[in-house]
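Q: In case you want the letters, here they are:
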Amino acid sequence: MPCCHHLREVEIPYLTRNPIDPAVLLAEVSGPGRGGTTLFVGSVRQSPEDGPVVEIDYTAYEPMAEAEFERILREASDRWPEARIAARHRLGVVPLGEASVVVAAAAPHRGQSFDACRWVIEEVKRRLPVWKRERLADGAEQWSDNAGARHPTGPRSSGS
Amino acid sequence: MTTERPIEIQCRLFARYAEVVGTDRATLHLPPTATVADAVRELRERLPGGRALPERPLVAVNQAHARSTQPLTDGDELALLPPLAGG
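Respectively, the protein sequence lines represent chains A and B.
According to the numbering used here, the residues represented by the first sequence are 1 to 160, in order.
According to the numbering used here, the residues represented by the second sequence are 1001 to 1087, in order.
Treat each hint with caution, since some may be false.
[Unchecked claim] The calculated label-pair distances, taken between Cβ atoms and stated as ranges, are:
(1) A:Thr153 <-> B:Ser1068: 19 to 29 Å
(2) A:Pro81 <-> B:Pro1031: 43 to 53 Å
(3) B:Thr1069 <-> A:Arg79: 21 to 31 Å
(4) B:Gly1022 <-> A:Ser77: 39 to 49 Å
(5) A:Asp78 <-> B:Pro1071: 26 to 36 Å
(6) B:Ser1068 <-> A:His151: 15 to 25 Å
(7) A:Gly36 <-> B:Gly1075: 38 to 48 Å
(8) B:Arg1005 <-> A:Arg110: 53 to 63 Å
(9) A:Gly97 <-> B:Pro1071: 38 to 48 Å
[To be verified] Stretches of chain A that chain B covers, calculated by requiring three or more beta carbons in the stretch to come under 8 Å of a beta carbon on chain B:
(10) 59 to 66
(11) 126 to 132
(12) 136 to 145
Rather than coming from a laboratory, the hints here were simulated on the basis of the structure.
Note that the coordinates shown come from a computational prediction; the quantities given were computed from them, not determined experimentally.
Just so you know, even glycine gets a beta-carbon here, dropped at the ideal spot from N, CA and C.
This is chain A alone, in the form it adopts within the complex (with noise of 0.2 Å):
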């Protein structure tokens, strides 16, 4: 099984439990032939809809994760051939306003660039084995998905 980033001569895991620094990111896909880069920061919010949410405690099925990872941006650079696209996913408790997923796409063009970055972050939304728990100022706590649907948690489990 696939567990890391294939595309690169480094192998660097798609999921940290450290902060993201998108700079990072930005130098994995920087490339003299690549003038377009655009970069896409998703970081935990509150909204009316969630509540006053303080932080998210993100779970993964890590190994499936990675492999989903791998073949989204595998996907992406079947269709996008000259883009260089870098990912992360933080798991692991993230506070209000830091970054839980960074996407860096560069390509000749800014269009391409545009569409891939979109293109990968749409997929790890729909596709990426990842969970949230978000904890409220006053301490309640519920799993949120990217439905919308929401749940009061119970009893912490013993796996991960």
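Using the hints provided, position chain B relative to the given structure of chain A.
A: The following block gives chain B in isolation, referenced to the frame of chain A:
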């Protein structure tokens, strides 16, 4: 005709589904003709609180998204995935 031995499937549950049934792993022994749907049915019947799991959850087999009609083979890892929330 030979007697077909059952296949062993390692099951994993995540996030809210693990909370609902109180475990994140289960092992199933199923007929060799079993599909993903058969395994899900078995989990819903066998696990305490399993009825709270959806009849047709999002599933992965061996770390790739799969359909409910996909046949299973001995040693497969089946995962029940709550609605995704990446990003």
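Q: Please go over all the hints and tell whether each is borne out by the structure.
A: Okay, the hints, checked on the actual structure:
1. A:Thr153 <-> B:Ser1068: 19 to 29 Å: holds, 27 Å
2. A:Pro81 <-> B:Pro1031: 43 to 53 Å: holds, 45 Å
3. B:Thr1069 <-> A:Arg79: 21 to 31 Å: Holds - the Cβ-Cβ distance for threonine 1069 of chain B and arginine 79 of chain A, about 28 Å, lies within 21 to 31 Å.
4. B:Gly1022 <-> A:Ser77: 39 to 49 Å: Cβ of glycine 1022 of chain B to Cβ of serine 77 of chain A: about 42 Å, so the range 39 to 49 Å holds.
5. A:Asp78 <-> B:Pro1071: 26 to 36 Å: About 28 Å separates the Cβ atoms of aspartate 78 of chain A and proline 1071 of chain B, which means 26 to 36 Å holds.
6. B:Ser1068 <-> A:His151: 15 to 25 Å: holds, 23 Å
7. A:Gly36 <-> B:Gly1075: 38 to 48 Å: holds, 46 Å
8. B:Arg1005 <-> A:Arg110: 53 to 63 Å: holds, 59 Å
9. A:Gly97 <-> B:Pro1071: 38 to 48 Å: Holds - the Cβ-Cβ distance for glycine 97 of chain A and proline 1071 of chain B, about 46 Å, lies within 38 to 48 Å.
10. 59 to 66: holds (count 6)
11. 126 to 132: holds (count 7)
12. 136 to 145: Per the Cβ count (3), the hint holds.
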